[in-house]
Amino acid sequence: GDSVTQMEGPVTLSEEAFLTINCTYTATGYPSLFWYVQYPGEGLQLLLKATKADDKGSNKGFEATYRKETTSFHLEKGSVQVSDSAVYFCALSPTGGYQKVTFGTGTKLQVIP
Amino acid sequence: EPEVTQTPSHQVTQMGQEVILRCVPISNHLYFYWYRQILGQKVEFLVSFYNNEISEKSEIFDDQFSVERPDGSNFTLKIRSTKLEDSAMYFCASRGHSKNIQYFGAGTRLSVL
Chain A
16 GDSVTQMEGP
26 VTLSEEAFLT
36 INCTYTATGY
46 PSLFWYVQYP
56 GEGLQLLLKA
66 TKADDKGSNK
76 GFEATYRKET
86 TSFHLEKGSV
96 QVSDSAVYFC
106 ALSPTGGYQK
116 VTFGTGTKLQ
126 VIP
Chain B
100 EPEVTQTPSH
110 QVTQMGQEVI
120 LRCVPISNHL
130 YFYWYRQILG
140 QKVEFLVSFY
150 NNEISEKSEI
160 FDDQFSVERP
170 DGSNFTLKIR
180 STKLEDSAMY
190 FCASRGHSKN
200 IQYFGAGTRL
210 SVL
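In order, the protein sequence lines correspond to chains A and B.
Going by the numbering used here, the first residue of the first sequence is number 16, and it counts up by one from there.
Going by the numbering used here, the first residue of the second sequence is number 100, and it counts up by one from there.
The following block holds chain A by itself, in its conformation from the complex (with noise of 0.2 angstroms):
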């Protein structure tokens, strides 16, 4: 079945480091990839998305690119903010049926002054 593996966390940055998380996936066909970011005490937001092949999603600074050859999609940021400090979800979703999303493990990042 389709799956999602992150890299592990606690991620801690200094504020303005640069940030990557790694994401790689397993799925049949073409999955749409995305980014879910969850501050603490929230819920699950939408940070970006890719649906096809070498898209670039893009949001506050957060960019990531569908990468098909080698099944990746990472996460990245030139600059972190204090404010940045959450848990971020890789996931994926196909692109038929009821396309129910495949979350990978969350990396928490922690941000300090």
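Keep in mind that the hints were calculated from the coordinates and are not lab data.
Take the hints with a grain of salt, since some may be wrong.
Unchecked claim - Think about it this way: if two alpha-carbon atoms lie no more than 20 angstroms apart in a straight line, the pair counts; the simulated SDA-like pairs of lysine to any residue are:
1) A:Lys123 <-> B:Pro169
2) A:Lys123 <-> A:Lys67
3) A:Lys123 <-> A:Thr43
4) B:Lys141 <-> A:Ile127
5) A:Lys123 <-> B:Leu138
6) B:Lys141 <-> A:Leu61
7) A:Lys67 <-> B:Leu138
Note that this is a predicted model, so its numbers are computed, not measured.
Starting from the structure of chain A, add chain B where the hints point.
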């Protein structure tokens, strides 16, 4: 911006009791989902619902669980006889017909004592 609303935000119940978790999806959406997240673990798919019937369910979604869309706006998850291991955050999500993006509610934290 339209959002998925879940109530209550926190539900405490005794083992063996029935609970109903409530969700109001985005109004023109057609596909509805429940997920759960046990503390510190990944978000797991429970069930999808379309055209007034279950379209897919996971092995977690056993006979103790049921879903209903009683009045065209609410979408409920019922657990008939709660167990300690049902303690988790439960997320509702909905999706429109054309876009492969699920929008999540803030979640209901269920605590079974």
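Hints, verified against the model:
no.: 1; hint: A:Lys123 <-> B:Pro169; verdict: violated, 38 angstroms
no.: 2; hint: A:Lys123 <-> A:Lys67; verdict: violated, 27 angstroms
no.: 3; hint: A:Lys123 <-> A:Thr43; verdict: violated, 28 angstroms
no.: 4; hint: B:Lys141 <-> A:Ile127; verdict: violated, 25 angstroms
no.: 5; hint: A:Lys123 <-> B:Leu138; verdict: holds, 13 angstroms
no.: 6; hint: B:Lys141 <-> A:Leu61; verdict: holds, 16 angstroms
no.: 7; hint: A:Lys67 <-> B:Leu138; verdict: violated, 32 angstroms
The structure does not agree with the numbered hints 1, 2, 3, 4 and 7 stated previously, though it agrees with the rest.
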